[in-house]
Every structure is written in C-alpha cells, then in structure tokens.
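Enquirer: In order, the protein sequences belong to chains A and B.
According to the working numbering, the first sequence is numbered sequentially starting from 5.
According to the working numbering, the second sequence is numbered sequentially starting from 5.
Check the hints yourself; a few may be wrong.
No distinction is drawn between identical chains; accordingly, a pair holds when it is met within one copy or between any pair of copies.
Derived lysine-lysine pairs resembling DSS-like cross-links, with alpha carbons at most 27 Å apart [claimed, not checked]: (1) Lys480 - Lys393; (2) Lys359 - Lys480; (3) Lys472 - Lys359; (4) Lys393 - Lys356.
These are calculated hints, taken from the structure and not from any lab test.
Protein chains: 2
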Amino acid sequence: MEWKVLGPRCYGIPLRRTSRRSRPSFCTWTELGHGTFIRGLETTATYDPETEEFVLHSPTLTSYKWWAGGLGKTANHCVVLAQMSTKGKCYGIHPFIVQIRDLETHMPLPGIKVGELGPRMGYNTADNGFLAFDHHRIPRQHMLMKNAQVEKDGTYVKAARHEKLTYGTMVFVRVTLVHDAAFNLAKAVTIAVRYSAVRRQSQPKPDEPEPQILDYPTQQHKLFIHIATSHALVLTGEWLWRTFTAVLADMKKGNVNNLPELHALSSCLKAVSTSDSALGIEECRYACGGHGYMMSSNLPSIYSYVVATRIYEGDYTVLLLQTARFLVKAWEQAQAGKQLTPTVAYFSQALKNGKETWDGSAESIIKSFQRIAAGKVSACVNNIKEHIKSGMSYEDAWLKTTVQLVAAAEAHCRTLICSVYWEEVTRLTASSSPNVKIVMTQLSMIYLVYWALRMTGDLLRYTSISEKDLDDLQRKYEELLTLIRPNAVGLVDAFDIRDEILRSSLGSYDGRVYERLVEETTRTPLNAEPVNQSFHTYLKPLMQGKL
Amino acid sequence: MEWKVLGPRCYGIPLRRTSRRSRPSFCTWTELGHGTFIRGLETTATYDPETEEFVLHSPTLTSYKWWAGGLGKTANHCVVLAQMSTKGKCYGIHPFIVQIRDLETHMPLPGIKVGELGPRMGYNTADNGFLAFDHHRIPRQHMLMKNAQVEKDGTYVKAARHEKLTYGTMVFVRVTLVHDAAFNLAKAVTIAVRYSAVRRQSQPKPDEPEPQILDYPTQQHKLFIHIATSHALVLTGEWLWRTFTAVLADMKKGNVNNLPELHALSSCLKAVSTSDSALGIEECRYACGGHGYMMSSNLPSIYSYVVATRIYEGDYTVLLLQTARFLVKAWEQAQAGKQLTPTVAYFSQALKNGKETWDGSAESIIKSFQRIAAGKVSACVNNIKEHIKSGMSYEDAWLKTTVQLVAAAEAHCRTLICSVYWEEVTRLTASSSPNVKIVMTQLSMIYLVYWALRMTGDLLRYTSISEKDLDDLQRKYEELLTLIRPNAVGLVDAFDIRDEILRSSLGSYDGRVYERLVEETTRTPLNAEPVNQSFHTYLKPLMQGKL
Numbered sequence: 005m006e007w008k009v010l011g012p013r014c015y016g017i018p019l020r021r022t023s024r025r026s027r028p029s030f031c032t033w034t035e036l037g038h039g040t041f042i043r044g045l046e047t048t049a050t051y052d053p054e055t056e057e058f059v060l061h062s063p064t065l066t067s068y069k070w071w072a073g074g075l076g077k078t079a080n081h082c083v084v085l086a087q088m089s090t091k092g093k094c095y096g097i098h099p100f101i102v103q104i105r106d107l108e109t110h111m112p113l114p115g116i117k118v119g120e121l122g123p124r125m126g127y128n129t130a131d132n133g134f135l136a137f138d139h140h141r142i143p144r145q146h147m148l149m150k151n152a153q154v155e156k157d158g159t160y161v162k163a164a165r166h167e168k169l170t171y172g173t174m175v176f177v178r179v180t181l182v183h184d185a186a187f188n189l190a191k192a193v194t195i196a197v198r199y200s201a202v203r204r205q206s207q208p209k210p211d212e213p214e215p216q217i218l219d220y221p222t223q224q225h226k227l228f229i230h231i232a233t234s235h236a237l238v239l240t241g242e243w244l245w246r247t248f249t250a251v252l253a254d255m256k257k258g259n260v261n262n263l264p265e266l267h268a269l270s271s272c273l274k275a276v277s278t279s280d281s282a283l284g285i286e287e288c289r290y291a292c293g294g295h296g297y298m299m300s301s302n303l304p305s306i307y308s309y310v311v312a313t314r315i316y317e318g319d320y321t322v323l324l325l326q327t328a329r330f331l332v333k334a335w336e337q338a339q340a341g342k343q344l345t346p347t348v349a350y351f352s353q354a355l356k357n358g359k360e361t362w363d364g365s366a367e368s369i370i371k372s373f374q375r376i377a378a379g380k381v382s383a384c385v386n387n388i389k390e391h392i393k394s395g396m397s398y399e400d401a402w403l404k405t406t407v408q409l410v411a412a413a414e415a416h417c418r419t420l421i422c423s424v425y426w427e428e429v430t431r432l433t434a435s436s437s438p439n440v441k442i443v444m445t446q447l448s449m450i451y452l453v454y455w456a457l458r459m460t461g462d463l464l465r466y467t468s469i470s471e472k473d474l475d476d477l478q479r480k481y482e483e484l485l486t487l488i489r490p491n492a493v494g495l496v497d498a499f500d501i502r503d504e505i506l507r508s509s510l511g512s513y514d515g516r517v518y519e520r521l522v523e524e525t526t527r528t529p530l531n532a533e534p535v536n537q538s539f540h541t542y543l544k545p546l547m548q549g550k551l
Numbered sequence: 005m006e007w008k009v010l011g012p013r014c015y016g017i018p019l020r021r022t023s024r025r026s027r028p029s030f031c032t033w034t035e036l037g038h039g040t041f042i043r044g045l046e047t048t049a050t051y052d053p054e055t056e057e058f059v060l061h062s063p064t065l066t067s068y069k070w071w072a073g074g075l076g077k078t079a080n081h082c083v084v085l086a087q088m089s090t091k092g093k094c095y096g097i098h099p100f101i102v103q104i105r106d107l108e109t110h111m112p113l114p115g116i117k118v119g120e121l122g123p124r125m126g127y128n129t130a131d132n133g134f135l136a137f138d139h140h141r142i143p144r145q146h147m148l149m150k151n152a153q154v155e156k157d158g159t160y161v162k163a164a165r166h167e168k169l170t171y172g173t174m175v176f177v178r179v180t181l182v183h184d185a186a187f188n189l190a191k192a193v194t195i196a197v198r199y200s201a202v203r204r205q206s207q208p209k210p211d212e213p214e215p216q217i218l219d220y221p222t223q224q225h226k227l228f229i230h231i232a233t234s235h236a237l238v239l240t241g242e243w244l245w246r247t248f249t250a251v252l253a254d255m256k257k258g259n260v261n262n263l264p265e266l267h268a269l270s271s272c273l274k275a276v277s278t279s280d281s282a283l284g285i286e287e288c289r290y291a292c293g294g295h296g297y298m299m300s301s302n303l304p305s306i307y308s309y310v311v312a313t314r315i316y317e318g319d320y321t322v323l324l325l326q327t328a329r330f331l332v333k334a335w336e337q338a339q340a341g342k343q344l345t346p347t348v349a350y351f352s353q354a355l356k357n358g359k360e361t362w363d364g365s366a367e368s369i370i371k372s373f374q375r376i377a378a379g380k381v382s383a384c385v386n387n388i389k390e391h392i393k394s395g396m397s398y399e400d401a402w403l404k405t406t407v408q409l410v411a412a413a414e415a416h417c418r419t420l421i422c423s424v425y426w427e428e429v430t431r432l433t434a435s436s437s438p439n440v441k442i443v444m445t446q447l448s449m450i451y452l453v454y455w456a457l458r459m460t461g462d463l464l465r466y467t468s469i470s471e472k473d474l475d476d477l478q479r480k481y482e483e484l485l486t487l488i489r490p491n492a493v494g495l496v497d498a499f500d501i502r503d504e505i506l507r508s509s510l511g512s513y514d515g516r517v518y519e520r521l522v523e524e525t526t527r528t529p530l531n532a533e534p535v536n537q538s539f540h541t542y543l544k545p546l547m548q549g550k551l
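Given only the sequences and the hints, what does the whole structure look like? Please build it.
Expert: What follows is the structure, encoded as structure tokens:
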C-alpha cells in the first residue's frame with residue numbers, strides 16, 4: 005500500500021534512533037544546588053602532591069551530586085565534575101573518573117555516600133542517584149587529562165585544544181533530543197488518531213449514526229498539527245545532524261568559527277522541539293478524553309518521559325537565552341553591514357525592507373516569520389540600548405529584556421523549523437509520486453498556516469497582511485483539516501511504530517480499543533480477588549460502627 | 005503582619021472548600037463507549053410488570069459502566085443511569101439505585117460484574133470502577149421517581165418539573181471545580197514562588213553573589229500570572245456561586261429563564277478555569293527545574309489531579325461549544341434588537357460601534373476584550389450563514405465552524421473573568437488599607453495586561469491600538485513584574501496553605517528545600533539497604549558474564 009511509504013520513512017529517514025533511555029549515563033555534573041550554572045558547582049578536587057592523589061569533597065549539602073541516571077543503585081564508576089585546585093589555586097571544573105562501589109560486594113567505598121533520589125514523575129526505572137564525598141582520595145591519573153593536565157608535582161597544564169570543544173558532546177545529545185521529541189510525539193499522535201477513528205460520539209444530525217470523532221473539525225484541529233510537527237522535527241533534526249557533522253569535521257581541522265551558530269541552533273531547537281512535543285503529547289492525550297488518563301493508554305508515560313527533556317540537558321528558558329545572545333550579536337553585525345552565517349542571513353534583508361509583503365503562499369509565510377523574528381530581535385536590541393541610556397549596566401539591561409529575548413529566540417527557532425521543513429519537503433518529494441507529494445505538501449502547509457494563525461498579532465505588525473487575508477488564512481486552515489482527514493490514519497500508520505513500542509490500549513494497529521481496556525482490568529492486582537482484604541480490615545468494621 | 009490578610013482571604017473569602025476527593029461519588033453515568041453523549045448510553049432497564057421489577061442489562065462491551073469513583077472495590081450501592089423501557093417503549097435515560105455487593109460478604113451480587121479500572125495518571129486511591137449487568141433484577145421502587153415515574157402496571161408518568169432541573173447538580177459540581185482549580189493553582193504557585201526565593205543560580209554580574217531566581221524577570225513572568233489567576237478564579241468562582249444560588253432560588257419558584265445563561269457560564273468557566281489551572285501548575289513545575297520533577301515536590305500530583313478535571317464533568321471542547329451555542333443565539337437576539345441577559349449585554353454595544361477605542365486602562369482592556377469576543381461570535385455567525393448559503397445544512401455549517409466557535413467561547417469566558425476580577429477587586433478593596441489596595445490592583449492589572457499581550461492580533465483587529473501602544477503594554481507588563489516582586493512571597497504566604505496540605509519538599513514555609521530533598525532520599529525503599537538484592541540476582545552475574 006502506498007501509505008506504507010508515507011510519513012518520514014518516505015524521505016528515506018529512519019524515525020527511530022536508539023533512545024537515550026538505553027544508554028546508561030553516569031556523568032555527574034548536576035548538584036543539588038546547581039544545574040544550569042556550571043561555574044557554581046561546589047564539589048572540590050584538591051591535588052595532594054605528597055601522595056599524588058586528588059581529594060574529592062562535598063563541602064555542603066547543596067554540593068551533593070544529584071540526578072545522574074544509573075547512579076542510585078547500579079553504577080560502579082562515574083565521571084565526576086569538580087572544582088579542581090592544585091598548588092593553592094582553583095582552575096575551575098574538571099572531570100574525574102571515580103570508582104564508587106566495591107566491585108565484589110557492591111558496597112559504597114569509604115568516604116562515599118550514594119543512593120537513589122526517590123520517586124519521580126517518570127524515569128522511575130533509571131535509579132537516578134545522589135553522591136557525596138567525604139575527603140575521598142583518588143589517584144592523580146583518574147583526572148581525565150585528554151585536554152587539561154595536572155603533573156605529578158601539581159603543575160597545571162592548560163588545555164591545548166579549544167575550550168569550546170567540550171560543548172561538542174552537549175550538542176550531540178541535544179541533536180538526539182530533537183529526534184526523541186519527534187519520535188515520541190509520533191507515538192502519541194498515532195495513538196490518538198487511531199483511537200479517534202474507533203471512537204464514535206454524539207449525533208450532530210438526527211437519524212444518522214454517531215460519527216467517528218476524527219470527523220469533528222475540533223478533533224482534527226487538536227491532532228493533525230502534531231502529525232505535521234513530528235515530520236517537521238524529524239526533518240529539522242536530520243538537518244541539524246548534518247550541520248553538526250559538518251561543524252565537527254571543521255573542528256577537527258581546528259576551525260571553530262561555526263561553533264557559535266551550531267550552539268545557538270542546537271540550543272533553541274532542543275528547547276522548542278521538546279516543548280512542542282510535550283505540549284503536543286498532552287493535547288493528544290486530551291483528545292482521547294478520559295481513556296487517555298488510563299496508564300494503559302501509555303500517553304501519561306510518554307508525556308512524563310518527554311516533559312523531562314524540556315528541562316534536562318539545558319532548561320528551556322536558559323537555552324533560548326543562549327540563542328538570544330547569538331541573535332543579538334548577529335543583529336549588531338547585520339547593522340554593521342557584516343556578512344552573516346546562513347541561519348541569520350535573513351537579518352540583512354529585514355534591515356533593508358519595511359513590512360514584508362504578504363501573499364499567503366508558503367514562501368510568503370516563511371518570509372513573514374523571518375521578518376517577525378528579525379523585528380523581535382531588533383526590538384530587544386533597542387530595548388537594551390534604551391535601558392543603558394537611562395543609566396543601567398549592560399547586564400541589567402539584558403536581564404530587563406529577557407522576557408522579550410526568550411520570545412525573539414523562539415520566533416527565530418520557529419522560522420528555522422518552518423523553512424527547513426518546507427525546503428526539505430520540496431527537495432525530498434521532488435521525485436515522489438504526485439499523490440505523496442500532494443499529501444506531504446498539505447502537511448507542511450498546515451504547519452505553516454497553524455503557526456501563522458498563532459502569530460496574527462506579529463503578522464499584523466510586521467507584514468502587509470489584511471483582515472481579509474487573516475480570514476482567508478483561517479479558511480485555508482479549515483480546508484487543510486478536511487483535506488488531511490482521509491489520510492490521517494494512513495499518515496500515522498506510516499510512522500510504522502509497532503504495537504510493542506506503542507504499548508497502548510487505545511492505539512494498537514487492530515483498533516480493538518474497548519476489548520483492550522476491559523482486558524487491562526484483569527491485570528491490576530486490585531482485581532485479583534473479588535473482595536480485598538481491606539474490606540475485612542477497614543470497611544466492614546466501619547460499617548459496623550467498630551472503627 | 006499585613007501579608008497575612010493579603011490574598012483572597014483579604015476579600016473575606018475562604019480559599020478552601022471541601023475537595024471533591026473527599027466526597028465519594030457512586031453515580032455511574034459514563035460508559036466505556038459514551039461519556040459526553042448521554043443519549044448514546046447503552047445500559048438498559050426494562051420494566052417487567054409481572055414481577056414489578058426492572059431488568060438491568062449491559063448489552064455490549066461499550067455499555068460497561070466506567071470510571072465511577074469508589075465503585076471498583078468499595079461501594080455497596082450506586083445510582084445507575086440507564087435507558088428505561090416500559091410497555092415496549094424506551095423513554096430515555098433514568099436513574100436507578102442499585103445494590104451491587106452483599107452487605108455481609110462484600111461479594112458482587114449475581115448478575116453483576118464489577119471491578120477496578122487499573123492504574124491511572126492520578127486518583128489511584130479512588131478505586132474508579134467498571135460495572136456490567138447480566139439481566140439483573142431490581143424492585144420497581146428502586147427507580148428514583150422524584151420526577152418521572154413508572155407505575156405498577158408499567159404506565160409511564162412524565163416528570164412534572166422542568167427537565168432542565170437535572171442540570172442543577174451538574175452546575176453545582178462545575179462551580180466547585182472552579183474553586184478546586186483556583187485552590188490547586190494557589191498550591192502550585194506557593195511551592196514555586198517559595199522555592200524561587202530559596203534557589204540561587206548564575207552570576208549575571210561578575211563579583212556579585214548568585215541571585216534568588218525569583219529576581220529573574222523570566223521567572224517572574226512564569227509565576228506571577230498564576231498568583232493573579234488564583235485570585236481571579238476564586239473571585240469568579242464566588243461570583244458564579246452567587247449567580248447559581250440566585251438562579252436556584254428562581255428555579256424553585258418555577259422560573260427557569262436564567263438557566264441557559266447559568267449553564268453557558270458554568271460550562272465555559274469550568275472549561276477555562278481547569279485548563280488555565282492545569283497549564284499554570286505545569287508552568288510552576290517547570291519553574292522549579294529538575295526538582296519539580298521529584299514526586300516529593302508534590303507538583304506532579306497536583307498536576308495529575310487538576311488535569312483530570314479538564315476532562316471529567318464535561319470535556320473542555322464540548323463545554324465551550326455548549327457556551328458557543330448560547331452565544332450564537334444571544335448574538336442573533338442582539339441583532340434582532342432584543343434585550344440580552346447581563347453577561348452578554350456587551351453584544352449590543354459591539355453591534356453599534358466599530359473598533360473599540362484603546363487607552364490602555366483596565367476599563368479599556370476589558371471593553372476591548374468584549375469587542376474581541378463579540379467580533380469572534382459575529383464572525384462565527386457569518387461563517388455559519390455563508391456555509392448555509394453555499395448549500396450546507398445548519399448542522400454541517402455549525403460543525404465546520406466549531407474550531408472558531410471554541411475560540412469565540414474562550415474569548416467570551418476570558419472577558420468575563422477579567423471583568424468580574426477587576427470589578428470585584430475594586431469593590432472589595434474599596435475600604436482596604438491603601439497598601440492592600442495597591443497590591444491587589446497591581447495583581448489584577450497584570451492579569452489584564454498578560455492576556456492583552458496574548459491577544460495582540462485580536463487587539464489590532466478589533467480596537468484602535470497602535471504599535472506604540474503595544475510596546476507600552478509590554479513595558480507596563482515588565483514594570484508590573486518588578487512592582488510585584490517584593491510582595492511575591494508575601495502574596496503566596498497569604499494563601500495561608502499549611503505545609504501538611506502542600507506536602508512539598510520545595511514549598512514549605514520554612515524554606516528548608518535542600519534539607520528536605522535529602523531527607524526524602526531516606527524514605528524510598530530502594531535506599532533501605534546499601535546493596536539491593538537485584539545486585540546479587542542480576543548485576544553480579546552480568547558482570548561475571550553469567551547472564
């Protein structure tokens with residue numbers, strides 16, 4: 005069937021990657037009191053040249069290492085980031101490999117306090133742990149010295165390679181998180197679309213049978229955008245991956261010029277993709293009504309998994325502000341007439357033109373989004389300048405502008421996703437069958453129109469769009485819902501996610517929703533006996549007035 | 005301290021009501037296949053005049069009663085809604101009181117299948133259950149016959165009282181849900197604001213200590229709106245309560261004229277308050293970073309509790325469409341020059357004027373919101389008319405407009421909350437101390453400005469607002485964040501929610517966040533022993549290559 009080749013697979017891109025869940029992560033960076041601010045970490049590693057050892061120590065409660073997955077009850081070794089001092093001087097954060105448990109007995113080594121964090125919203129099988137040191141000694145060689153080094157006598161040798169190199173891993177992880185966001189949203193929307201094709205409700209027309217709820221435009225409005233978003237994020241993730249490998253190749257040759265742009269890209273794409281995905285998964289769950297609240301729908305677990313990624317490996321707001329830093333610099337370069345890197349090249353155009361001319365095409369929507377993002381960055385730059393004029397320090401002026409800076413970075417990121425998605429669909433479907441091309445184009449178009457309708461205030465400010473154009477856009481959106489409806493089930497089937505992966509009573513391929521929900525009731529221990537012990541212990545005495 | 009009288013308590017309104025959790029609810033309405041569409045329920049109750057009994061039966065899997073709290077393992081009796089037939093004719097849904105378990109042994113009675121649903125996202129202590137009948141007989145008198153009746157010989161006597169009366173209970177429950185939404189959001193924002201006053205992070209200025217994260221405008225942006233929203237919902241809930249009791253008094257006199265407006269009000273307020281509260285609670289959780297993901301923060305549980313209320317007792321979308329029905333009728337009445345009920349009286353004004361004149365005051369914002377809501381309802385009415393002109397049935401034209409109808413109902417509801425909040429604050433602080441009045445006014449003002457900034461597209465369409473006005477509005481918003489900052493902790497303390505109710509490692513009154521997080525690690529069974537059995541069973545054999 006043609007459906008089988010639809011979805012991201014039709015672009016020749018595998019939707020699934022190894023989930024992060026399967027990779028044990030024993031690197032302990034975060035502490036109880038510090039996550040974002042790495043310079044603020046408190047764990048110390050003090051070099052003792054007498055014994056050629058580092059002394060690891062947790063001077064405060066807030067210096068406890070916190071969150072590392074697999075650390076709580078499993079790991080024998082971990083990489084610890086600590087403030088390294090030698091010869092009385094602190095050189096900042098350095099990594100150390102530390103054995104924490106006896107290999108034979110698994111008991112924590114002397115001077116080490118380690119355990120599990122307690123129940124979490126999700127990831128409860130990951131034994132996320134804490135770790136504290138009481139003057140725990142490790143050999144000098146256990147400092148990871150590929151870059152910076154400490155010699156036997158305690159002499160510090162600075163890293164020969166660029167410090168920014170350490171960000172490489174972080175960028176890699178962020179790239180995989182964009183893919184994770186896409187894949188999990190695809191799972192959720194598969195469940196919700198299939199359920200909506202089985203579920204029937206209400207009778208909008210007398211004497212006609214109850215329609216599939218997927219036929220309701222409000223349901224289509226809740227769901228179809230997330231099919232499109234999954235595609236958009238997969239394609240943007242792939243594109244980010246190619247950008248990453250290109251920059252990595254450059255870096256290996258010693259050229260780190262493109263690292264700031266890559267960092268800005270990976271930051272905002274990680275932030276926006278995980279946020280879109282988490283919100284989207286919840287909307288898919290809402291679309292399944294009460295049944296989406298059952299754990300057996302798997303939607304609550306998918307949500308609690310993805311919503312964690314909104315925060316770890318760089319919090320949403322913090323990452324967008326990092327991108328904003330890059331955008332403000334780029335805007336100032338544009339104003340100075342300098343050549344800009346590809347993803348912000350549109351700034352130069354925005355500087356020249358006033359309002360963007362609106363014609364409702366995909367290209368026009370993308371150009372309008374670029375104009376909006378540039379407008380927002382420009383407003384931030386002006387805001388900062390005004391605050392400085394009124395006597396503020398640059399730092400204070402920046403802080404005062406952060407609410408708008410976050411919005412500007414988000415607008416830039418949305419622009420980026422829209423343009424990459426549209427360009428990639430155009431490129432990848434160039435040789436597809438006409439029908440595939442039509443459906444893929446409808447899907448990418450609804451993504452653009454959806455976001456345009458979410459940004460009408462910005463469109464009215466920064467483009468020539470008229471009130472009639474806005475009405476046309478709304479109508480176009482509703483037409484696209486109708487056009488996509490017949491292909492909706494095919495589109496989620498084309499994600500080709502096996503039932504064993506979906507693990508959902510509502511979303512299995514065979515559509516046996518109600519049968520599965522009833523079968524699930526036989527699995528809960530509460531139903532193992534018709535009358536639970538609790539009746540005899542509590543209820544009966546209560547009814548007899550004995551409690 | 006003056007703080008103690010701030011918050012909703014300063015209006016003399018108790019924030020806490022009996023939570024629904026504490027009221028066992030054994031009414032089984034919802035079935036596996038039907039929730040929203042009551043006419044679609046499949047359980048049958050057929051009268052047998054021979055024995056003067058009703059025969060309860062579940063003819064299909066989808067007719068299983070589903071969700072009722074306390075039913076799974078606890079209840080002995082429940083009220084069952086079923087399609088009642090007598091003398092060969094079905095008269096629709098009627099209520100029956102049914103004994104389901106033996107009072108002595110607690111065993112399900114013959115012909116009754118009952119059990120627990122299995123794990124859910126929340127409410128796992130509520131033993132939500134399912135119930136199915138196999139030709140189970142109950143005495144005729146067990147039909148609840150206060151209204152409609154079935155006589156011994158099977159003659160059906162129609163309800164003497166107005167059918168709409170049955171909606172009374174539903175409205176009552178919705179009113180309490182608005183209060184629940186406010187209270188739980190107040191809990192979440194108390195936790196997040198207190199945590200943000202303890203947590204310090206980053207160093208925006210060299211050589212200065214790490215600031216409390218509550219000092220960051222992005223954090224204030226995430227949190228302060230939810231303090232205001234809690235107040236807005238409490239005051240709107242109280243106002244709805246007064247409206248409800250007035251309409252109830254009228255109804256007892258036989259006057260049901262105001263019931264449609266009350267129904268429309270309670271529908272949209274239930275939908276919007278539970279949605280705002282759930283989204284707000286998640287934002288509060290985000291604001292606590294990784295620690296908000298710990299169950300011990302209590303934020304995940306508060307979220308999973310409130311997000312359920314978005315769906316039960318009337319799904320978000322369904323309820324807004326019910327309000328939309330009322331709004332469309334009211335708009336047509338306004339066009340016909342008829343007198344309108346109070347909450348839609350603004351329609352008449354909107355019909356007369358073109359764009360609303362903007363001056364940035366609270367009154368102007370409220371009038372603008374009214375103009376927007378009226379504009380959206382008007383656009384829906386026109387849209388329906390156009391579809392009908394092009395040959396569609398009214399039902400199809402309505403369906404095609406539902407995406408916009410939901411948005412129109414939401415805009416109406418927002419308008420309502422804003423105007424009630426502002427008017428109530430003005431009224432209730434008329435005799436307050438000047439300082440209390442200032443703070444309460446700032447808080448209600450930030451609510452109005454926040455929503456105005458979320459609706460810039462609508463403001464540009466329906467009011468005279470200029471681009472400069474929009475910039476001023478953004479500046480005003482940021483100024484309000486700064487003004488509210490010094491009072492933020494006092495404002496959440498004024499909610500006066502005891503630590504035992506908050507149950508949060510992050511939000512306790514004494515601010516001992518890190519101490520509590522570490523204490524919590526001693527409570528998880530995983531930490532009961534330094535080495536778990538799983539090491540000997542799995543890990544060690546794996547390490548030795550034996551697994």
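Enquirer: All hints, please: hold or fail.
Expert: Here is what the structure says about each hint:
In the homo-oligomer, the alpha carbons of Lys480 and Lys393 lie at most 27 Å apart only across protomers (19 Å), although the nearest pairing inside one protomer, at 46 Å, exceeds that limit. In the homo-oligomer, the alpha carbons of Lys359 and Lys480 lie at most 27 Å apart both inside one protomer (23 Å) and across protomers (26 Å), since each shortest distance falls under that limit. For a Cα distance limit of 27 Å, the shortest separation of Lys472 from Lys359 qualifies both inside one copy, at 17 Å, and across copies, at 16 Å. When the C-alpha separation of Lys393 and Lys356 is checked against a cutoff of 27 Å, the pair qualifies only within one copy, where the shortest distance is 26 Å, while the shortest distance between copies is 46 Å.
The structure agrees with every numbered hint stated previously.
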